[in-house]
Amino acid sequence: MIIKVLFFARLKEQLGENTMSVELPADSDTNVLKQLLLAKGEQWKVLNDEAILMALNQQHLSQTAMLSDGDEVAFFPPVTGG
Amino acid sequence: MIRVQQEDFDVGEEYQQLRNRASAGAIVFFVGLVRDMNLNQQVKGLSLEHYPGMTETQLKEIIEKAKSRWPIQDASIVHRVGDLDVSDQIVFVGVNSAHREASFEACHFIMDYLKTKATFWKKERTLEGDVWLDARESDLKAKNKW
Numbered sequence: 001m002i003i004k005v006l007f008f009a010r011l012k013e014q015l016g017e018n019t020m021s022v023e024l025p026a027d028s029d030t031n032v033l034k035q036l037l038l039a040k041g042e043q044w045k046v047l048n049d050e051a052i053l054m055a056l057n058q059q060h061l062s063q064t065a066m067l068s069d070g071d072e073v074a075f076f077p078p079v080t081g082g
Numbered sequence: 083m084i085r086v087q088q089e090d091f092d093v094g095e096e097y098q099q100l101r102n103r104a105s106a107g108a109i110v111f112f113v114g115l116v117r118d119m120n121l122n123q124q125v126k127g128l129s130l131e132h133y134p135g136m137t138e139t140q141l142k143e144i145i146e147k148a149k150s151r152w153p154i155q156d157a158s159i160v161h162r163v164g165d166l167d168v169s170d171q172i173v174f175v176g177v178n179s180a181h182r183e184a185s186f187e188a189c190h191f192i193m194d195y196l197k198t199k200a201t202f203w204k205k206e207r208t209l210e211g212d213v214w215l216d217a218r219e220s221d222l223k224a225k226n227k228w
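As given, the protein sequences belong to chains A and B, one line each in that order.
According to my numbering, the first sequence holds residues 1 to 82 in order.
According to my numbering, the second sequence holds residues 83 to 228 in order.
Be a bit skeptical, because a hint or two may be false.
[Claimed, not checked] Dumping the calculated BS3-like pairs for lysine-lysine here, alpha-carbon to alpha-carbon at most 30 Å:
#, chain 1, residue 1, chain 2, residue 2
1, B, LYS199, A, LYS4
2, B, LYS199, A, LYS45
3, A, LYS4, B, LYS205
4, B, LYS126, B, LYS147
5, A, LYS12, B, LYS142
Everything labelled a hint here was simulated from the structure, so no lab data went into it.
Using the sequences and the accompanying hints, generate a full structural model.
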């Protein structure tokens, strides 16, 4: 299955990526996705920072969730609007 | 009513729209501006980024939450993104209700929630270079008091 992955703000600059498609085996969860990204290289370790937040299909995600083909997963730092 | 936009907004128009949309006895609004100083650094301006789609959904949910807690009739949030200069308007939050207490409290609540929930990120342009702002503990405390 193909997952759309987005990065925002500081993370986007640190990784040099704002969007990518990732192919994962069926029955993968968000942790499988994260491990695959972490394995891409040294700079990707920033995803392990506990402050980094995740959203699945534009909803905040507080724990690991199963993924389906076409899902959109976003990684971003704590928000600072207003 | 929710809007995320690059363009500036006119407080008079936003107020008038709130006034037209309900027969309220009270309207309370808040406007946030770009400060010239932060953490003892001279600030030249701000760049604001958001997550199109998710941000709007979050803002709608925050208004729904306010409506479930206070007897407010309507609420507006206008939030700007892109490059802003010192003293530019960033955000408008307006609420109307039959009596003032609900509007005061709901407006404060929406602002505190927006700062800690809605997917906006600020980068400051300072004399020392560009820096992404970190989330503040004080903002989280402000949200948790509700």
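Q: Measure nothing beyond the straight line between the CA atoms of LYS4 (chain A) and LYS205 (chain B); if it is 30 Å or shorter, mark the hint as holding.
A: Since the Cα atoms of LYS4 (chain A) and LYS205 (chain B) sit roughly 25 Å apart, the hinted pair holds (cutoff 30 Å).
Q) Given the hint that LYS126 (chain B) pairs with LYS147 (chain B), does the C-alpha gap stay at or below 30 Å? A) violated (35 Å)
Q. Given the proposed pairing of LYS199 (chain B) with LYS45 (chain A), does the C-alpha separation stay at or below 30 Å?
A. Status holds; Cα separation ~25 Å.
**Q.** Pair hint outcome, LYS199 (chain B) versus LYS4 (chain A) [Cα-Cα no greater than 30 Å]
**A.** Holds, at roughly 22 Å.
**Q.** Hinted pair LYS12 (chain A) and LYS142 (chain B), Cα distance within 30 Å
**A.** Roughly 26 Å between the alpha carbons, so the hint for LYS12 (chain A) and LYS142 (chain B) holds.
Violated hint: 4 only; the structure is consistent with all others.
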